[in-house]
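Asks: Chain by chain, the residues run as shown.
There are 2 protein chains.
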Amino acid sequence: MASSPVPHEPPIYRRIADRLRQAILAGEFRDGDRLPGENALMSEYGIARATARQALAVLINEGVAVPKRGSGVYVRHFRPIRRHGSRRLSREQWGTGKAIWDSDVTGRPFTVDDIVIAREAAAEDVGRVLGCGEVWVRRRRYSVDGRPVQLAASHFPADLVEGTPITVPDTGPGGVYARLGDLGHAPVHFTEEVRARMPSPDEAAKLRLPAGTPVIEVCRSAFAAGGTAVELNKMIIDAASYVLQYDFDA
Amino acid sequence: MASSPVPHEPPIYRRIADRLRQAILAGEFRDGDRLPGENALMSEYGIARATARQALAVLINEGVAVPKRGSGVYVRHFRPIRRHGSRRLSREQWGTGKAIWDSDVTGRPFTVDDIVIAREAAAEDVGRVLGCGEVWVRRRRYSVDGRPVQLAASHFPADLVEGTPITVPDTGPGGVYARLGDLGHAPVHFTEEVRARMPSPDEAAKLRLPAGTPVIEVCRSAFAAGGTAVELNKMIIDAASYVLQYDFDA
Chain A
1 MASSPVPHEP PIYRRIADRL RQAILAGEFR DGDRLPGENA LMSEYGIARA TARQALAVLI
61 NEGVAVPKRG SGVYVRHFRP IRRHGSRRLS REQWGTGKAI WDSDVTGRPF TVDDIVIARE
121 AAAEDVGRVL GCGEVWVRRR RYSVDGRPVQ LAASHFPADL VEGTPITVPD TGPGGVYARL
181 GDLGHAPVHF TEEVRARMPS PDEAAKLRLP AGTPVIEVCR SAFAAGGTAV ELNKMIIDAA
241 SYVLQYDFDA
Chain B
1 MASSPVPHEP PIYRRIADRL RQAILAGEFR DGDRLPGENA LMSEYGIARA TARQALAVLI
61 NEGVAVPKRG SGVYVRHFRP IRRHGSRRLS REQWGTGKAI WDSDVTGRPF TVDDIVIARE
121 AAAEDVGRVL GCGEVWVRRR RYSVDGRPVQ LAASHFPADL VEGTPITVPD TGPGGVYARL
181 GDLGHAPVHF TEEVRARMPS PDEAAKLRLP AGTPVIEVCR SAFAAGGTAV ELNKMIIDAA
241 SYVLQYDFDA
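Line order of the protein sequences matches chains A and B.
Numbered as in the UniProt record's numbering, the first sequence ends at 250 without a single skipped number.
Numbered as in the UniProt record's numbering, the second sequence ends at 250 without a single skipped number.
None of these hints come from the bench; they were simulated from the model.
Any given hint might turn out to be false.
Far from chain B, by Cβ distances over 12 Å, these chain A residues were calculated [to be verified]:
#1 Gly-46
#2 Gly-72
#3 Pro-148
#4 Gly-184
#5 Lys-206
Just the calculated beta-carbon pair ranges, DEER-fashion [what the hints assert, rightly or not]:
#6 B:Arg-34 <-> A:Pro-11: 33 to 43 Å
#7 B:Asp-114 <-> A:Arg-49: 38 to 48 Å
#8 B:Arg-34 <-> A:Phe-110: 40 to 50 Å
#9 B:Arg-34 <-> A:Gly-184: 49 to 59 Å
#10 B:Ala-121 <-> A:Glu-44: 23 to 33 Å
#11 B:Gly-32 <-> A:Ala-23: 42 to 52 Å
#12 B:Gly-212 <-> A:Leu-25: 23 to 33 Å
#13 A:Glu-44 <-> B:Gly-72: 37 to 47 Å
Note that the structure is predicted; figures quoted are calculated from it, not measured.
Each residue gets a CB set at the ideal place from its N, CA and C atoms; glycine is no exception.
All chains, full assembly: derive it from the sequences and hints.
Replies: Okay, here's the thing in structure tokens:
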């Protein structure tokens, strides 16, 4: 155990990766650009091929670069979307707070497609959370700047929302939460469960994920006063496109 | 767009995966057991090889199973650790709330090793958040049931904590937050930023991750009253071992 002050120098491959990442963030390389290859890095830094490969692997692992077979490594840069779990407590109130990851806080327009609305039998886990056998589900895909970034499936207890605008495409002003409010079941509390895993082939196709990009799965339960679960939204998120932010007091 | 009630039946490979997962969760297959192979699934369900492969791929993607070359697919079952971002609002107050993912809420003992404590130059992102050029950092690895599950590196502004127990292995009762309190900088607010990505080779080795398992990166900033950032903890988490839970009010 080293408990005395020592300087900490990251290994060379990591410093090269840091420099390339900074160049990407600074706009010197843009989305779709080819990065310097192994040969170029070897001669520029006087390093072995394995080291050059390691440096590029760091960026590939982070999802900021994508290898194309026989052609090199290309920038996949997308300013990540910052998703606030709890706006009420969010960073605006913490003036000096600076974020680890650069991202857009302000509104980038989403487009929505692949909308499917249906009444169906609840999957086992959904039925357990919502306490019902049938659900109305609203499925859709979100894209930003033409890039699919999220698949979402909101589930509602079928008998609770049957015959309401929650079962049709246009839910009206304020959306589904306003409609739950009309029914006397406005959400007052949310729980989000977050996991990460590799995507299924179907998810990878719908989100157009390059090989090796994981997804974040967010399951958001909404509870009305008294603790009744009124919605379960399962979100599958391109991990390279998002930063999730949660704020809370001690 | 289908907006009329239609029954929703998942594809056959997914139903087989669901059945195998339930058998794992029910303890019929245990950690390290070999799952039925493609041939066994083909004859049991009367399906094509590609379908059997898809079913097993679902479990591999979820991190519940691991392929071993030429030998089959094996259970990698680990009851995930539920990590509460904000205890104060947590599910205990939401009596009827049921979780999507089965996991241990109660205390499973962590063991800690690979402890390194050092004063060092702040990495660019760390320095920006903490507003300093040098930090004291406390690095360690957490394991549960003998399995490494998390690498953590807590950073503190060097001049703030120099000469305090935060710079030595035993920080005393209440740990680093109590010591920050002694200094008049008790954390009152936390921000967590969450991302997922593939691990670096070094992270994969330290967490003993099988190929294809992503990590979740949690960057937790602690703020004292007035908004001063007093700690930045970078956690690298085995995605197959954790569910992160966040609770907040509407």
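Asks: Against this structure, judge whether each hint is valid.
Replies: Here is what the structure says about each hint:
1. Gly-46: Non-interface label stands for Gly-46 of chain A: nearest chain B Cβ at 22 Å, farther than 12 Å.
2. Gly-72: Non-interface label on Gly-72 of chain A holds, nearest chain B Cβ at 19 Å vs cutoff 12 Å.
3. Pro-148: The claim stands: Pro-148 of chain A keeps its Cβ more than 12 Å from every Cβ of chain B (closest is about 17 Å).
4. Gly-184: 15 Å, holds
5. Lys-206: The claim stands: Lys-206 of chain A keeps its Cβ more than 12 Å from every Cβ of chain B (closest is about 14 Å).
6. B:Arg-34 <-> A:Pro-11: 33 to 43 Å: Holds, since Arg-34 of chain B and Pro-11 of chain A (Cβ atoms, about 38 Å apart) stay within the stated range.
7. B:Asp-114 <-> A:Arg-49: 38 to 48 Å: This hint is violated: roughly 30 Å between Cβ atoms.
8. B:Arg-34 <-> A:Phe-110: 40 to 50 Å: 44 Å, holds
9. B:Arg-34 <-> A:Gly-184: 49 to 59 Å: 52 Å, holds
10. B:Ala-121 <-> A:Glu-44: 23 to 33 Å: Holds: the Cβ-Cβ distance is about 24 Å, inside 23 to 33 Å.
11. B:Gly-32 <-> A:Ala-23: 42 to 52 Å: Once the Cβ atoms are compared, 45 Å apart, the range 42 to 52 Å for Ala-23 of chain A and Gly-32 of chain B holds.
12. B:Gly-212 <-> A:Leu-25: 23 to 33 Å: 28 Å, holds
13. A:Glu-44 <-> B:Gly-72: 37 to 47 Å: 45 Å, holds
Against the hints set out earlier in the document, a violation occurs for number 7 only.
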